[in-house]
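**Student:** Line by line, the protein sequences are chains B, U, F, V and R.
Its first residue numbered 494, the first sequence is counted upward by one per residue in this note's numbering.
Its first residue numbered 146, the second sequence is counted upward by one per residue in this note's numbering.
Its first residue numbered 1198, the third sequence is counted upward by one per residue in this note's numbering.
Its first residue numbered 251, the fourth sequence is counted upward by one per residue in this note's numbering.
Its first residue numbered 122, the fifth sequence is counted upward by one per residue in this note's numbering.
If you're looking for bench data, these hints aren't it; they were derived computationally from the structure.
When the alpha-carbon atoms are kept at most 30 Å apart in a straight line, the in silico DSS-like pairs for lysine-lysine are as follows:
| # | chain 1 | residue 1 | chain 2 | residue 2 |
| --- | --- | --- | --- | --- |
| 1 | U | Lys225 | F | Lys1425 |
| 2 | B | Lys521 | F | Lys1433 |
| 3 | B | Lys521 | U | Lys308 |
| 4 | U | Lys337 | F | Lys1425 |
| 5 | F | Lys1433 | U | Lys308 |
| 6 | F | Lys1204 | F | Lys1433 |
| 7 | B | Lys521 | F | Lys1204 |
| 8 | B | Lys705 | B | Lys512 |
| 9 | U | Lys337 | U | Lys225 |
| 10 | F | Lys1425 | U | Lys308 |
| 11 | B | Lys512 | B | Lys544 |
| 12 | F | Lys1433 | U | Lys225 |
Keep in mind that this is a model prediction, so the values were computed, not measured.
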Amino acid sequence: MTSDPRDRGGRAQPLLRVKGLRKHFVIKRDLLGRPLSRVHAVDGIDFEVRKGETLGIVGESGCGKSTTARLLMHLLQPDGGEVIFDGDPVGTRGGLSLREMRRQMQMVFQNSYASLNPRMTIEESIAFGPQVHGVGRRESRQRARRLLDQVGLLPERFAQRYPHELSGGQRQRINIARALALEPRLLILDEAVSALDKSVEAQVLNLLGDLKQEYGLTYLFISHDLNVVRYISDRVMVMYLGKVAEVGDSEALYRAPAHPYTRALMSAMPSLEPGRRTQTAPLAGDPPNPIDLPPGCRFCPRCPLAVDLCRGTEPELAVLPGGGHLSACHRAAEVQAAVSNPQPSVEESVR
Amino acid sequence: MKSDVMTRTAVQAPMAAPAEPLVEIRDLHVHFGTPWRQVQAVNGVDLTLARGEVLTILGESGSGKSVTLRSLMRLLPERKTRLTGSVRVDGQDVLAMSRRELSRFRGRTAAMIFQEPMLAFDPVFTVGDQIAETVCRHEGVSRREGLARALELFDRVRIPSAKRRLANYPHELSGGMSQRAMIALALSCRPKLLLADEPTTALDATVQIQILLLLRELQRELGMSVIFVTHDMGVANEISDRIAVMYAGRLVETGAVDTVIAQPRHPYTLGLMHSRASGELRGQRLSAIPGAPPDMSAPPPGCAFAPRCPHADATCTQALPGMSELGDGHRAACWRLGETAS
Amino acid sequence: MSTYFLKRILYVVPITLAVSFFCFSLVHLSPGDPMDAVVSADAPREVVAMVERAYGFDRPLPEQFALWVSRALQGDLGLSAANGRAVTTEVFAALKNTLLLALAASLIGFTLGCTFGLLAGYWQGSLLDRLVTGFAVGGVSVPHYWLGMLLVIVFSVELNWLPSSGAGPGSSNDWAFEWAYLRHLILPAVTLSVIPMGVVTRTVRAMVAEILAHEFVEALRAKGLAEKRVFLHVVKNVAPTALAVMGLQLGYLLGGSILVETVFSWPGTGLLLNNAIFQRDLPILQGTILVLALFFVLLNLIVDLAQARLDPRIQRS
Amino acid sequence: DGQVLRIAMTASDIPLTTGQPDSGFEGYRFLGYTVYDALINWDLSSADEVSGLTPGLAESWEVDEEDTRVWTFTLRQGVSFHDGSEWNADAAIWNLDKVYDEESPQFDARQAGNVRGRIPAMDQYEKVDDHTIRFTTREPDAWFPYQLTFLLFSSPAQWEALGGDWDAFAREPSGTGPFRLTRLVPRERAVLEPNADYWDAERVPRIERIELIPMPESSTRTSALLSDQVDWIETPAPDAIPRMESRGMTITSNPYPHTWPYQFSMLEGSPWRDINVRKAANLAVDREGLEALLGGLMVPAAGIVTPDHPWYGEPEFETRYDPEEAMRLLEESGYGPDNPVEVKVLISTSGSGQMQPLAMNEYIQQNLAEVGIALDFEVLDWESLFPNWRRGAEDPSSRGAHATNITFGWLDPFAAFYRFMHSSMAPPNGFNWGYMDDPEYDRLLDEARVTFDQEAQDAILAEFHARMVDDAAWLWVAHDVGPRAMQPRVKGFVQAKNWFQDLTPVYIEE
Amino acid sequence: MSLTLDTAVSPMAAPPAEPGYWRSVFARLRRDPVAMVAGLILLAIVLMAIFAPWLAPQSPYSTSMLHRLQPIGSPGFPLGSDELGRDVLSRLIHGARLSLLIGVMPVINAFVIGSAIGIVAGFVGGRTNTVIMRVIDVFYAFPAVLLAIALAGALGAGLVNSLFSLTVVFIPPIARVAESVTTQVRSVDYIEAARASGARSLTIIRRHVLGNVLGPIFVYATSLISVSMILASGLSFLGLGARPPMPEWGLMLNTMRDAIYVNPWVTVLPGMMIFTVSICFNMLSDGLRSAMDVKL
Ligand SMILES: Nc1ncnc2c1ncn2[C@@H]1O[C@H](COP(=O)(O)OP(=O)(O)OP(=O)(O)O)[C@@H](O)[C@H]1O
Ligand SMILES: Nc1ncnc2c1ncn2[C@@H]1O[C@H](COP(=O)(O)OP(=O)(O)OP(=O)(O)O)[C@@H](O)[C@H]1O
Ligand SMILES: [Mg+2]
Ligand SMILES: [Mg+2]
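Make a model of the complete structure from these sequences and hints.
**Tutor:** Below is the structure:
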C-alpha cells in the first residue's frame, strides 16, 4: 500500500470528521406552508472515520443511516453541522468544494439495479464520473475496462452490456467499480450487500476486502446485518432514531455493548448455534417513528433499564473508561457489566 | 402457555411418525410459460411434512421456494403455469380439487403468511374487515361474530389496543404490527397447515425475533404444521424442526435442523455455511461460492450446482444425482457425498 | 374536516381567479371588433358609435375588466352582443340542456365502460377482453361528430326512426321524460357517450389488471374467498380511480359537447358557444367559457374530495 | 292540435321580438310583420305582381308641395295593440323616441341600431293631432315611404306595464300585427298565435299557431323536414330538393328582389373600365346552364331588377349568352387567346343570401375562360367579405381585386340603385365599392329621388336602369327565387315576389 | 490484484448480450400484430400524403359542375364527387397532407415545449416546480376541447390559429407527464449516483434524465396524436381550422354535410379517414407502451 499523495494531515488526522450533523424533513405543513411536523432523520450526530479503517453503521430501519450517507455526499442539504474531510471543511468558503469532495468520497447504493442508468452500457456508466471530471473519452473508457477487470468481470464480455442483462451480484460489482472510477479515498457503502444472496454476498465482501487493500481505501459500511458489520468493520457505530447510541471498537462493542439498545439488537439476532434458540424477545414493539420524540433519552420508552433520569435528561455521547468506546447512555457502565454474564435470553432448546 | 400436552405433541411429532403425513409432495414440477420464455421453476420436488412439524425451505433467490409453497395452495396463475406431480394435503389431492373445494381448502386447511404484510392486505378495507370476512367465509357466521373473532385473534397475536387497530387500514399499521395482523388472519380459521413465505425478511431484527417467537408459540399451542421459507440460516434454526435446502428448483438436502446446520453434506449447503460472514472470520477471506445460480429458463442437464461446485467432476455435469439417505432422515442429492463427509 | 380537504377547497380560489383572468384576456386576444356582432356592417358610423356607448365597448380595457369581474361576482356577465339578452340567463339556460345531455351520455358511457372494463380486466387476455379492448380503442378514436353524422344517416335519413336534431317537440323549457322528448336525446347522447365509454373501459381494465397483479389478491385467494368476493375487493380498489376518471369525463362532456351539439342542434352551451364564435358575440363567448370552466373546477373539487373519502390512503395519511 | 305550423328559419337565434327585429330581412319576415305593423306595409298578396306598398298603420300620407321635405301621415283609427291599448299619434311618437331620442326612457340601443340605418332620410317628427303626425326629411326624398316600412310600432302601455324593461317586453311583446307572440324560448322557439282582432279582417290568420324554430344548418333543416319535426323550412339545401320532392314535399319559389352580381371596380388599372370587356363578360355567362346547375333555383339576371319590374326599362343591349360576340368584343379591345383579360374577384365560401357561391363562381370562371377572361378568385370568409363592401376597392383588404361578389336585396330605389351607383356613395359613405362616377347616373338618380309622383319616378328609374344595362355596368348573373320546402299538408301559402311573406292565409289541411 | 476463484463468473450467469434498449423495444413491437398492422396502415397513409400529387387521379381543386355529387363507384369518380364535382378520392389523398399536419404538428410542438417545461420543473423541483405546475393547473381547469375551441374561436378561424390552439391545449398534459416522470427519475439512485460523481445539472439532464424520461413522454405524446387528429379535424369541421377549398378531412366532412341526403355514404368517407388514422395511432401507441413496459 502506497501512501496517498492527497493525504494531508497524516494518519493521525481523521479522514472524515462529522460534527452535529442534522437533517429534519418537514412532512406536514399547515395551510400557510409552515412546518407542522418533522422527521428528525438525523438529529445532531458526531463521529469520525479514521484513515484506512472501516466504520460500520448499524441500526434499525428509519434510524437515519441512509440520510447520514446522503448528507455526507451532500446529496441532501444538511440543516446543520459540519463535515470536515481530511482537515478541510466541506462546502464552506475556503474549504473543500463539493466537486472536489466528491472525487474523494464516493458511495455505493443498496439497490444495485436502480443505481445504474438502464439506458447506459456498463462501460458508459463507469466512465461517466471521470468524464465529468475532465478525463477524456478514450482514457475514461480504458479506466472503465480496467476497473471491470478489477471487480472480476471480463471487460470484453461486460463492457457493452446493459444493467438488466446482469445478475444482482454483478451489478453491485459494477456499482463498486463506478464508485472507484474517481479514485476516491472514502467509500460509503449503504446497505451495499443487503440485497444480495448469501452466496453472492460473500463474493462481494471478499471483493471489498481486496479493493481496500489494493487502494488503501477507507469504508463507511452501512448495514443492518450485525454479523456482516462485525466481520468487516474495525469500528462500529450504532444509531437509534437519528442519534448515535454507541461507537466503539468492533470487538469491544460486540463483546461488551455499553448501550441497552446495542445489547437488545445483539440478542435479537437469530441464534445460529444448533440446539440453541432465542427464548424471549429483547425488545417489544416496532421501532418508533422519529416524528414525535420523547423528552430525555429517546430509547427510554423501550428500555428495560430506564430510570427517571433517562426520562428527563437526554444523555450525551460520552467516552467510557478505557477510551475509544463511546456510549450515549446514563447507565452505560451497568449495561456493560450486565453483559459480561452469559446471555440470559438464549437457552438450550427443548429438543 | 396453554398446555404442556400441546407442547409435547409438537416436539414429538417428527419422531412419532403418525400414519399419514399432513403434506405429501411427489415429483412436483412447475413450469411457467410466458410469451418470452419458458421457466422451469420447480423440477421434481419430493417432500413430506408430518402433522405438527415445522419445516424450513432454505435456498437462494429464484431457487423455487415460493413456487413450491404456492403449489401447495395452487395459488399460481392458472393460465400460464403447468403443474405436474402430486400434492396431497390432509389426505386431499390439491391438484385435483375443483374450484369450490379449493376455496374451502384455502384459508381453512392451509393458510399463508406473506413476505410483505403491507402488500398482502387490501389497502381499502380495514384489517378487521379482512379478517372477519375470512371467518364469515369459512364458518358461515355473521360479520359481527367475525369481528369478535378478529378481536380475539388480535389479542392473541399481542397487538396493543386491539379494538382500535381492527378499524385501521393496512397503511396505518407499522411493519411488525401488520405482520402480526397477517398472522392473525392466517390463523383465523385454525388451519392445519401454515405456509409462511419469508415472513420476517422485510422486518427489522428486533421485530423479526418477536414474530419468530410468536409463530413458534402459536404453532405449539395450535399444533399446526408449518412450512417456512427463508434464506436466512439463523431464522431456520430458530423456528424449524427440519430443513430442506433447495437449489435451482430441486431439493438438494434435507434433515433435522441441528444435523443439517452442524453437518451439512451437500456441497451447496456446505458452501452456504462457510461463506457466512461472522465476527470470528474478521480479517480473513470468506470461502464464497463462486458464480451465480443458473438461469431457470435453461437449467443445466446434470447437477445444477456442478458449475459452482469445488468437488464437481464429469459425472456431475452429465447426470442428475438422486437423494441418498444419510441416516436419521438426513438426505442429500449429490454424486460426491463421499468427499463432503467431515 | 382534515387539512387535506380544507387545502383542496381553498385551492379553488386562486384557480378561479386565474381562470377568470384567462377568460377575459382570451376574448381580448381576438382580432376584430366586438361591435361587428351588434350592428350590421352597413350601418352608418353614428349608429355604430351610439351602440358602442350603450354597450360600454368604448371604455379602456382595464376598466372593462374591472367592471366585468365586479359584475361577474354578482352573477352578471353582461349582455349578449348579438341579442342583448343577459349572458347569465343565456348560459344557464343552455347549461341545463348540456347537463342533461352530458348526464345521459355519462349514464350510457359509464355503465358500459365500467362493465366492459371490469369484465375485460378480470378476464385479461381472453377473447372477450380482446373484443372489448378493440371496441374501447374504437371509442376513444372515433371522431364523434362524424359518428353523429353516421347515426343520423342510419337512424334518421335511412330508417327514419329517430329525429336528427333539436331538443324535443316543445322546447327545452318543457323538457320531460316522455318518449317524445327522449327520442331527441337518444342519438346525441349515444354519440357523446362513445368517448367516455372508451376511456372508462380502458382505465378500468388497466386498473383491474393492475390490481389483480397485486399481492393482496393472491392473499385474498389464499384465504379461500370465493371469486365473487375477490371481485368485490377488486372493484372497491378500482372505485376511487374509476370515480375520478368518470368525474373528469363528465367535465369533458360538459365542455366537449360542442361538436355533438352542433351536429344535432342540441340547444346547449356547445351550440351557444358555436354561435357566439361565428357571430363574434364576445360577451357570450366569455361567459360560456367562464361558466363551463368554473363548473369543471367545481367538478374536479368534488371528484377529489370524493376520491379522498373513498380511498383511505389519501385522507388519513 | 292539427293547426300548428312549425317553421325552421335559417337564423341561429330567434330574432329580436321587441319591435325592430335583427337577423336581417328574415327577422322582419317572421318577427316583424307578423307581430307588428309599419305605417306603410308591403302588399304581399300576389305571387305574380311585383309587391308594392300598401297603407298600414297610416291610412294615408302626403308630401307638402311647398316643402317636399315635409310629410303628413294620417293614422288609422280604431286600431289597438295586443294588450288592448290604443294606437294613436302619442304611441307613434313614443315609438319614434324609442329609436331616435337617446334621452327618452324608452330608448333602446338595439332597436335603434337595427332600424336607424334603414331610414337615412329621417330628420324630424312631430305630433299634429291625435291621429296625425308629421315627418321632416333631411333632403327631399321620394323614397321615404319605402324606408318607413322598416319602422314598426310596439305598445307603450305594455312596456310600462312590464316595468319599462325591454327584456321583459321581448318575452311578452305587444304590437298591432296579425299575430301575437305567446311564447319565447330564446334560441329555440317562438310561438305565434292569431290576433283575432286584427284591424284588417282579411288578414286574420287562419292557422291556430305558428312555431318558429331557428336552424342555421341547411342539412339540419332538411332532415327536420323529412323526419316531420317541422312543416316548413326556409332555403332548403338545393341538392336535397329532389329527395324532398320524392318524399312528396311542396317546393315553392318565386323570384324576388335579390341580385347575384359581380360589382366592378372602375379604378385606374381595372380592365372593367373598358365597356367591351364588361359586355363580353355579360355575354359569356351561360345563365341557363347555371340555372340547370342550381336545379332551377334561380332566374337569369339581365340587370339589377327583373325584366318584369317597372324599373327595368328598355335597354338596347341584350344580356344573353353569346360567346362569339363576346370574343369579338374582346378582340376589338385588343385581347385574345394569348392575351386574356386578367381580373381578380373577391368571393366568399358562403354567406347570407349568397346562394352557392363557390359552385356558381367556378362555373362563371369556366364560362369566362372560354372567351378569354381569366378570373382569379380571392376567397374570403363572409365575415371578411361583407365589411369590405363599405371599404371599397381601394382598401388594402380588397387585395387589389377588380370585382366583388356580394348578393343584395333591394326593395326600394335607394337600396337597388342609389347606394351603388351614385358617386356620392363612394366609400365610406355607401356601397359604391368600385367608385363608379357617371354624371348621367347621378343626374337621373337625383331626379328620381325628388319626383314624388310614383309613375313619373318609375319612368326615370327605368331610364336609369336601361342606361346601366346598356353600359353593362356590372356582371349580372342571377336572381334568387327564395325556395321553401313544406309538408304537403301546408296549404294556402302565396309566395310573393318579395323578401317578406304573408303567413296569414296559410293553413294546415287535416 | 489477481482474479481470485470466487470472483470468476459462471458461464451461465450472464444472458447473451442484447442490442440496445430501443432496438429491443422495436423487436417486441414487431411481434405485436395489432401494432404492426396499425403501423403499416399509417405508413401507407403517410406515403399517400407524401406522394399525393402522383397518386391522386385528379386535382383536388378541379371542379366539374356537371359531375356534382356522384355516388361511389361512378366512372371517373371511384369514391364519388363532392358538391362542387371535385373527385373525393383525390381530395382524400391530398387531404392526408393537411389533416396529418394539423393533427400531428400540435403534438410535436407540445412535445418539445411541454417536455422542456416538465423536465425543468421536475428536475429543479421546489418552488420553481410549484410555480410552473400551478400555472399548468390553470389550463387544466378547462376541458381540452373547450380550451381548443375557446382559443381557436377567440383568435378566429385559420390553420395557424388552430395549430396554435391545439399546441396550447397539449402542452399542459405533456408537461405534467414530463414533470411526474422526471420527478420519479430524479429520485432514482442512478441520478443520485451521477450527482455524487460531481456532474452538473445540465450534464445530468442530458446524459441521464433525457434518455429515461423522453421514452415515456414520447409514448404518452403518441397517444395524444389520436386526440389531436380528432380535435384538429373537429375544428375544421366547425369552420375554425382549414378554410375552403383546401382539402382537409374535417372540412370535407363539413362541406359535404349538405349532401347527406344525396349520397350519404360519400359524405361519410372523410370521417372514415380521420377514424382510421386516429385508431391506428392509438393502437400503435398502445403497442409501443406495452413494448416499453415489459420488465427488463
Ligand atoms: N426525503 C424524505 N422526506 C421525508 N422523510 C424522509 C426522507 N428521507 C428519509 N426520511 C425519513 O427519515 C428517516 C430516516 O431515513 P433513512 O433512510 O435515513 O433511514 P435508514 O436508517 O437508512 O433506514 P433503512 O434501514 O430503512 O434504509 C425515516 O423515518 C424516513 O422515513
Ligand atoms: N408467475 C411466474 N411466472 C413466471 N415465472 C415465475 C413466476 N413465479 C416465479 N417464477 C420464476 O420461477 C423461479 C422460482 O421463483 P421463486 O419465486 O419460487 O423463487 P424463490 O426461491 O422464492 O426466490 P426469492 O427468495 O427471491 O423469493 C424464478 O426464476 C422466477 O423468476
Ligand atoms: Mg437506508
Ligand atoms: Mg420467494
